[in-house]
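**Student:** So the protein sequences, as listed, match chains A and B. Residue 1 is where the first sequence starts when you use the working numbering, and the numbers rise one by one after that. Residue 1001 is where the second sequence starts when you use the working numbering, and the numbers rise one by one after that.
If you are wondering where the hints come from, they were derived from the structure by calculation, not from laboratory data. Careful: at least some of the hints might be erroneous.
The list that follows gives simulated cross-link-like pairs (lysine-lysine, DSS-like), each with its CA atoms no further than 25 angstroms apart [claimed, not checked]:
| no. | chain 1 | residue 1 | chain 2 | residue 2 |
| --- | --- | --- | --- | --- |
| 1 | B | Lys1080 | A | Lys147 |
| 2 | B | Lys1091 | B | Lys1080 |
| 3 | B | Lys1043 | A | Lys147 |
| 4 | A | Lys68 | A | Lys31 |
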Amino acid sequence: MDVEAFNEYATEQGWSDGMPLFVPTEAKVAKFVETVRGDNRPYAPVPPRQIVPTMQALAANAVMAGCKPEYFPVVTAALRGVLDPDYNLHGTLATTHSCAPMVMVSGPIRHELNINCGSNCFGQGRQANATIGRALGLMLLNVAGAKPGEMDRSTQGNPAKFTFCFGENEEENPGRPITCSAASRRPTAVVTVMSGEGPHNLNDHGSTTGDGLLTTFAGGMANRAPTRSTARARCSSSSAPSMPPP
Amino acid sequence: MEEIEHAYLSIPSFGTSAASAAKVALQPVNWATDPIALISNSKPNARELLEGVRAKLGAHRPVDNIHFHAKNSASQPAPKELIAQVAQNYKAALVAISVIEEAVHRGVSTTASNSRSSASPPT
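Use the sequences and the hints to build the structure in full.
**Tutor:** Have a look at this one:
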């Protein structure tokens, strides 16, 4: 299969996010689908296009994104999260706002899949971070129908719409990791999704006290141009249940 | 360009329509007489825009069958009940800011409008 030819074709079909795509051959797609065998829960129609996807179509997007097959259960968990009514997928895709789906992965699976949870976790460098988020984005483009300028009405967009996936830094979290607040059986993974803007870094190289740091953080939060909304937002985050056992 | 053999590719956009989404062929709208829904997404000035549209239409046709509707929240999709009501009672819908896609599938013409556009004049 000629990769360049497929990319030209995929671009003509509107399947591309602008970055090079891997070819979703049936053989590759079958490997991905195998990783979620046993997860027979139906998918709700994906807004705004209101299409019920096939597992093969979902896997095709994950292949195109450059995922490894073992990432696919995390990707499908993220999709189930954004399909939770509390996430308000229709609103977050059709909005003029620049929000992007953020995916945070918790639990031991972070290390199994080499998901970056620490330094530069929002940035480049790890295949899992880059492609899991990208796979979800491609699903929302191709299955949900959120094409820029059509159903995706974002006025300016946001680089996080290419990909925004990272691992929870449980080991250095002074509080309780999300996996502790999930069901007591301590699932191997929890995938949390939230529709948000890209990260905003608060940097303080001058303070030497906690008060000083907090003042910087509070000032950073207060100085960001507020997003005024005339409507009450229903939701901002949703946790997907843990992945089915292998 | 090299021919792509679909039989060897999985289509990333493939899926089935939700069971309740029956498609209906669009029917032509008589802008001079047909009932029209004016639907606001409840953002500031949406209602005012639609009132201006209704006033302009009133210069060309009766407006007693042109009615206002609104969805409660700009950040939520229009409730199914509102869409069903519009599809059942109107031939066209003019929507302030967003488009109700389902109404298109049920044979109701829709037109997206923004703060600088106005309704097409009746023919």
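**Student:** Evaluate each hint against the coordinates.
**Tutor:** How the hints compare with the structure:
1. Lys1080(B) / Lys147(A): Status holds; Cα separation ~23 angstroms.
2. Lys1091(B) / Lys1080(B): Roughly 17 angstroms separates the two Cα atoms, so the pair holds.
3. Lys1043(B) / Lys147(A): holds (23 angstroms)
4. Lys68(A) / Lys31(A): holds (9 angstroms)
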